[in-house]
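> Using the sequences and the accompanying hints, generate a full structural model.
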Amino acid sequence: MTEEKKVVIKKLNSAKTIGKFMADYYYGLDHAAKTGEKKVAWCTSVGPAEILRAMDFDVYFPETHSAMIGATRMAADLIPKANAVGYSPDICSYLTADIGGYLEGVSPLAKAFEGIEGPPKPDVLVFNTNQCRDVQDWFSYYGREYNVPVVGVHSYKGVEEVEDAHIQSISEQMKEMIPTLEEVAGKKFDIDRLREVLALSRECSDLWKEVLDTGAAVPSPITFFDGTTLMGPAVVGRGTPETNEVYRILLAELKERVANGEGAVEDERYRIYWDGMPVWGRLSAHAKLFAGLKTNVLASTYCNSWIFSALDPAEPFESMARAYTELFIVRADEPKESYIKNMLDFFKVDGIIYHDAKTCPANTNCRYGMPQRLQEETGIPFLVINGDLNDLRLISDEQTKTNVEAFIEQLAESK
Amino acid sequence: MTGSSLFVGVDVGASRTKAAVLDAQKHLLGWAVEKSGIDFSATADRCLQTALQMAGADAAAVSKTFSTGYGRKNVSYSQDTRTEIGCHAKGCYHYFPFAITVIDIGGQDNKVIKLDDAGRRISFKMNRKCAAGTGAFLEEMSPRLDIPLEAMDDLARRSTDMVKLGSFCTVFSATEVLENIRNGRKVEDIVKGLFYSVIKRVMEMDAMTEKVVMTGGVVANNPYLVIMAEEILGRSILVPEHPHLTGAIGAALYAIEDIGETHR
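One line per chain: the protein sequences are A and B, in this order. Numbering follows this note's numbering, with no gaps: position 129 of the first sequence is 129. In this note's numbering, each residue's number is its place in the second sequence (first place is 1) plus 415.
None of these hints come from the bench; they were simulated from the model. Keep in mind the model is a prediction, meaning the values are calculated, not measured. Please note: incorrect hints may appear among the correct ones.
What the hints assert, rightly or not - EDC-like, lysine to aspartate or glutamate: derived pairs with alpha carbons at most 16 Å apart:
id, chain 1, residue 1, chain 2, residue 2
1, A, K121, A, E37
2, A, K294, A, E318
3, B, K601, B, D568
4, B, K540, A, E409
5, B, K626, B, E645
6, A, K34, A, E117
7, A, K10, A, E253
8, A, K39, A, D58
9, A, K16, A, E245
10, A, K294, A, E413
11, B, K540, A, D333
12, B, K529, A, E413
13, B, K488, A, E398
14, A, K175, A, E318
15, A, K38, A, D56
16, B, K488, A, D397
17, B, K529, A, D397
18, A, K10, A, E409
19, A, K341, A, D397
20, A, K415, B, D531
21, A, K157, A, E398
22, B, K540, A, D356
23, A, K348, A, E398
24, A, K157, A, D333
Structure (structure tokens):
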């Protein structure tokens, strides 16, 4: 019998440090909300978190919470609760899972962190539609539920080149939020404090980029599946010195792996680029599937989306506007393709996997011929897998497995 | 045949299990097909016995076995596995050794696989989660029309006024079928409409470049599907002698190659 091989995933020691960072972060938020010692702002993952941090808010990110719902495989039970109150099963399953959790009064935070019952109550909600339009509806729902102000930035879509008009519009929108935020925070906005936060946030971005760039080593010391959890501090903590400290520790460990020629996957033979969202409820299963095939999914559009190299304390609003508009997800197909081509080259990639996430069209890039165009230009083959970020009812594990195995067989034939 | 070196491929599909016995010169000596049922391992065992019997050989003559299909990990006597995509490609290239596009219509999934003139896979596509256009679609429709699966091919050939079904969803198609029954449409015209739906669905999966080869149990049992596909495509389609065995033959061919590599 051809037994399923037992695959051991190599863990990074610094993952524990990052785990503690995340625990401290959630306990801090919980304390702030329960005691009222600090105001709590909810923010989209690529929203203007720096402004909130500079105004001394504790910042909570519902997307990260919903990813936890996905990773703990609670989503399929919670999504229908949101469907029942009018949020379609076809829209963002981050939104539906999170609202479902709210309606049911359950949260993965309660399971992970003793003493925390759920997300911290917000004093204000701040969105940026550079992720998608769904975040606006998501935050508006909570604005009504908690009766707190909702402010946001309406970003552009399909941006070819980031132009001055974009920068001006986005910076103005950010500035327009300030009076509401001042009112909620009970303090005046301080531009110099924002500059300090931006300097830290830029440093975080640079460190995170260095972390991900170690994946270019052969063998790669890191996998995409590692990256999806290691990126936690870059999402929830950027703009703080503590975040940069944990990334320095992680980077040192990865550099040591590179120096020792130690790969994250034993006997790495194939190097894959992942485009699209992770399947949160299958992170470990996918990590094992690829490792068992001596394949490292080592780079991704997703993890690289928290690199904001344009941030510049000298031009706080303008540079934030640029950083949050230069993002892959905001751009037209041509700059997206150019971006991926550079990634394929830099990370020495053998094949691309596109995740066609049913409920996340904004993070799905294989529906308008991009895989075919990129294959024609680069000669690098691709595979599309159908699935979803959170809704496991939209996933066929057996089909995914067969597709992935067949793709690696195909790569083996061409080597 | 006892004592000679034989190679076995077993394709444990969602619907049927197929076994093929080949000699080192890649000649097909024996085969078997059975419903996969719920005990894949036992079915695979029985298929091996039947196929060996046809080959006039016993298990001791088997040098190596590779398995494929959904239940590829459930074959107790298999030494290694390959995906059904790889095995159908390998099996088809064995019969048609030039650049080809393979269409495999299986019990639960369809595949379109493109091979270059050296037999290397250039690309492949499987149907998405939905099983419309697969054998499961016909299996679902046969009781609704109150006709056995094996009668479908003859019925479709008799159609003079094919019913066109609009939806590719199995559930919605079933509603359309009921509507056509209610409207008094002939069962043969409905069946041809179902066949047309299957063919259209699979041929929309990818561009039909190069010479096209069709395989799989659905084609083996319903050869009229090939004629219909040729009409849509506007050119002839190649079909191997045993289209339902292509995956099993491909697995056996991998086993032969593996021996070659081991001895190199």
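> State for each hint whether it applies.
Hint check:
Among the hinted pairs, K121 of chain A with E37 of chain A is consistent with the structure: their alpha-carbon atoms are about 13 Å apart, no more than 16 Å. Note on K294 of chain A and E318 of chain A: the hinted pairing is violated, with a Cα-Cα distance of about 45 Å set against a maximum of 16 Å. Simply put, K601 of chain B and D568 of chain B have alpha-carbon atoms about 15 Å apart, close enough for the 16 Å limit, and the pair holds. Under the criterion of a C-alpha separation no larger than 16 Å, the hint pairing K540 of chain B with E409 of chain A is consistent with the structure, at around 14 Å.
Our distance criterion of 16 Å between C-alpha atoms is met by K626 of chain B and E645 of chain B, whose separation comes to about 12 Å. Between K34 of chain A and E117 of chain A, the direct Cα distance comes to roughly 11 Å. Compliance with the 16 Å bound is thereby established for this hinted pair. Under the criterion of a C-alpha separation no larger than 16 Å, the hint pairing K10 of chain A with E253 of chain A is consistent with the structure, at around 13 Å. Among the hinted pairs, K39 of chain A with D58 of chain A is consistent with the structure: their alpha-carbon atoms are about 6 Å apart, no more than 16 Å.
A C-alpha spacing of about 14 Å is found between K16 of chain A and E245 of chain A, which places the hinted pair at or below 16 Å, so the restraint holds. For a cut-off of 16 Å, the pair hint linking K294 of chain A to E413 of chain A stands: about 15 Å separates their Cα positions. Distance check on the hinted pair: K540 of chain B and D333 of chain A sit about 23 Å apart at the alpha-carbon level, beyond 16 Å; violated. Among the hinted pairs, K529 of chain B with E413 of chain A is consistent with the structure: their alpha-carbon atoms are about 13 Å apart, no more than 16 Å.
Taking the CA atoms of K488 of chain B and E398 of chain A, the gap is near 12 Å; set against the 16 Å cutoff, the hint holds. Of the pairs offered as hints, the one joining K175 of chain A and E318 of chain A holds, with about 10 Å between alpha carbons and a cut-off of 16 Å not exceeded. Simply put, K38 of chain A and D56 of chain A have alpha-carbon atoms about 7 Å apart, close enough for the 16 Å limit, and the pair holds. A distance of roughly 15 Å separates the Cα atoms of K488 of chain B and D397 of chain A; the hinted pair therefore holds under the 16 Å criterion.
Of the pairs offered as hints, the one joining K529 of chain B and D397 of chain A is violated, with about 24 Å between alpha carbons and a cut-off of 16 Å exceeded. Only pairs whose Cα atoms come within 16 Å are accepted, and K10 of chain A paired with E409 of chain A is rejected, the gap being roughly 24 Å. Proposed proximity of K341 of chain A and D397 of chain A is contradicted: the alpha carbons are some 29 Å apart, above 16 Å. Among the hinted pairs, K415 of chain A with D531 of chain B is consistent with the structure: their alpha-carbon atoms are about 15 Å apart, no more than 16 Å.
For the hint linking K157 of chain A to E398 of chain A, the alpha-carbon distance of about 35 Å lies beyond 16 Å, and the restraint is violated. With a C-alpha separation of about 14 Å, the suggested pairing of K540 of chain B with D356 of chain A holds against the 16 Å cut-off. A C-alpha spacing of about 29 Å is found between K348 of chain A and E398 of chain A, which places the hinted pair above 16 Å, so the restraint is violated. Between the alpha carbons of K157 of chain A and D333 of chain A the distance comes to roughly 11 Å, so the proposed pair stays at or under 16 Å and holds.
The structure fails hints 2, 11, 17, 18, 19, 21, 23 (numbered hints given earlier, in ascending order).
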